[in-house]
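Student: The hints should help you fit chain D onto chain F, whose structure is shown.
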Amino acid sequence: MRVNFTVNGRPQEADDVWEGESLLYVLRERLGLPGSKNACEQGECGSCTVRLDGVPVCSCLVAAGQVEGREVVTVEGLADFAKQRAEHGGCASGACGTSLQDAQQWAARGTDSQTGEGGELSPVQQAFIDAGAVQCGFCTPGLLVAADEMLERNPNPTDADIREALSGNLCRCTGYETIMDAVRLAAARQGEAV
Amino acid sequence: MDFLRPASWEEALAAKAEHPTAVPIAGGTDVMVEINFDHRRPEYLLDLNRVGDLEEWEVGEESVRLGASVPYTKIMENLRGELPGLALASHTVASPQIRNRGGVGGNLGTASPAGDAHPALLAAGAEVEAESVRGSRLIPIDEFYTGVKRNALAADELIRAVHIKKADGPQQYSKVGTRNAMVIAVCAFGLALHPETRTVRTGIGSAAPTPVRAKAAEEFLNAALEEGGFWDNGKIVTPSVAKQFADLCAAACNPIDDVRGTASYRRHAVGVMARRTLTWTWESYRGTARAAFEKGGAA
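Line order of the protein sequences matches chains F and D. Going by full-length UniProt numbering, the first residue of the first sequence is number 1, and it counts up by one from there. Going by full-length UniProt numbering, the first residue of the second sequence is number 1, and it counts up by one from there.
So here's chain F without its partners, still in its complex pose:
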C-alpha cells in the first residue's frame, strides 16, 4: 500500500509498504532515514523514538498505515524543528522543515567534528556533545527526541522530571549520568537564552 505523511515538515510518500510494517521500517528502509534506531522492536528501549503529531512515540509500535496524513519528526529534522520553534514558535507557513535529501545526508558534522562547532545542531544535540553524553551513540537519537520534547514542555525540569521523561530510553553503555548532565545543560542554556 501507499502511505502519504509529513516527515520533518515536508510531505512524503512511501510506496509498496507492507500492511504489517512499522513506521520505523518505513523511515529507515523506504525513506532512507536511519537516524531512528532499530533495536528491541517491542517498545522497551526507546531508540526509535520520534514525534507523531508532536507526541513522542516508539516508531516500531506504530503501524505504517496509521501515520497516513499525520506528522512525524525524526532526529534528522530535530535541528530545523528546534530552530523553527525558537524563532517562530513553530512552523506557521508550512514551508519550513527539512527536505528528505537534507535529512538523508544529515550528520552532526560542522567545521570541527569533535565539538560540532559550525554545524546545524539543536540545543539539546549540542549539549549532548558538550557534556560527553554520547558513547556508542546508538541510544542517542531516541534520547535526543525525548529530551527535546520534555524541554519544550517543561523548561525547568527537576532531576526527577528528567529521569521520568527519559525512563523509556535505554543506554546499554550505561552512560546515564552524562546524559543527565547534558539535559541539565540544555535546560540551563535554554533558560539563559530567554
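In case anyone wonders, no lab produced these hints; they're calculated from the structure. One or more hints might be untrue.
[As the list claims (entries may be wrong)] Covered by chain D, according to a simulated footprint, are these stretches of chain F (three or more residues, beta-carbon under 8 Å):
1. 98–104
2. 151–159
3. 176–190
[Said to hold, decoys possible] Restraint ranges, calculated between C-beta atoms of paired labels, are given here:
4. 258/D - 152/F: 37 to 45 Å
5. 105/F - 135/D: 53 to 61 Å
6. 219/D - 188/F: 53 to 61 Å
7. 268/D - 105/F: 52 to 60 Å
8. 53/F - 135/D: 27 to 35 Å
For every residue, glycine included, the Cβ atom is placed at its ideal position computed from N, Cα and C.
Tutor: Then chain D, alone, in the frame of chain F:
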C-alpha cells in the same frame, strides 16, 4: 494482510462484522510487538486511530465514560480526581512513549492477567461498553475476563468505552517489578474504599489466570469495618484485621511460577500490597473524614 482504515465508528463496526478475524489496532503497543516478532499474522488489521471519539472521555454524575483509545498519559493528566486508582495504575505503565499510545481499551482487548489497568478497574467498579452491528451492551468488569488473554467479547464486537465509577473515597494501586519503568507486573494490587456504600473493593493482577477480585477478603473486611464502627469512629484498622485481610487476599491468588517470579512470592507480595494499600487508603479516609467532621462542626 489487509489494512482496514475506517473513518468512523459505524464503519469500524461494519468492517468488524464483515471480517470477524480482523485484529483491532489503536496504540499498537501489544499488536505491533506480535507482528514485529512474527508471532501473529492477522489477515486484517483494523486501524481505529481515525475514529476520533474513541480518544474522548465524559465525566458524568456517577461514572466516567472513558473512550477505549484514551492514552494513559491523558488519564494521568486529566482524571486523577475522578479515577485516582486508574491514574496511579496508568503511571506504572511502561514508559512515556508507551503511555502516549496505549489505552485501557487495548488492555481489555488483550486481557492479559498482567495488564496494569485491570486491578484498578476491578476495585473501582466498571462496565465495558462493547458494540457490534447487532447492538451495544455493557459487560460488568467482573464478567469480562474469561481466561488467560481471553475476554467476553464476541467476534464481531469492538470495545467502544469503559464506564468507570467515580471515586467516592480513597483509592490506591501497587505494583511489584524489578524497576519503576518498563516492567510487566510480577503482581499488582488495586484497592478502593467506597464510603457511600461502606464497602471495599479489590483487584489483583498477574497472580491468577485472569485479573480477579479478592471477594472473600472484601466480605471479611466489610463485616469487620461495620462491626467495629470504623466508618464512623475513624479509628485505625486493627492490625489483626489488616493481617486477616492480607491473608485472604493472598489466598485469592492462583499464581504460577514463571520468569518474573514464583507463585509463592506472588502470593506473599499480594498479601503485603493488600495490607499496605489498606493502610494508605484508610489513613487518607480518616484524614478526609476528620476534616469533613471538623468543617461540619464549625458551620
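Student: All hints are to be evaluated individually against the structure, with a verdict given for each.
Tutor: To see whether the hints hold, each was checked on the structure:
1. 98–104: Result for this restraint: violated, n = 0.
2. 151–159: violated (count 0)
3. 176–190: With 0 residues close enough to chain D, the hint is violated.
4. 258/D - 152/F: 37 to 45 Å: With Cβ atoms ~40 Å apart, the hint holds.
5. 105/F - 135/D: 53 to 61 Å: Given range 53 to 61 Å: holds, Cβ gap about 56 Å.
6. 219/D - 188/F: 53 to 61 Å: holds (57 Å)
7. 268/D - 105/F: 52 to 60 Å: holds (57 Å)
8. 53/F - 135/D: 27 to 35 Å: Holds, since residue 53/F and residue 135/D (Cβ atoms, about 33 Å apart) stay within the stated range.
This entry does not satisfy hints 1, 2, 3, going by the numbered hints stated previously.
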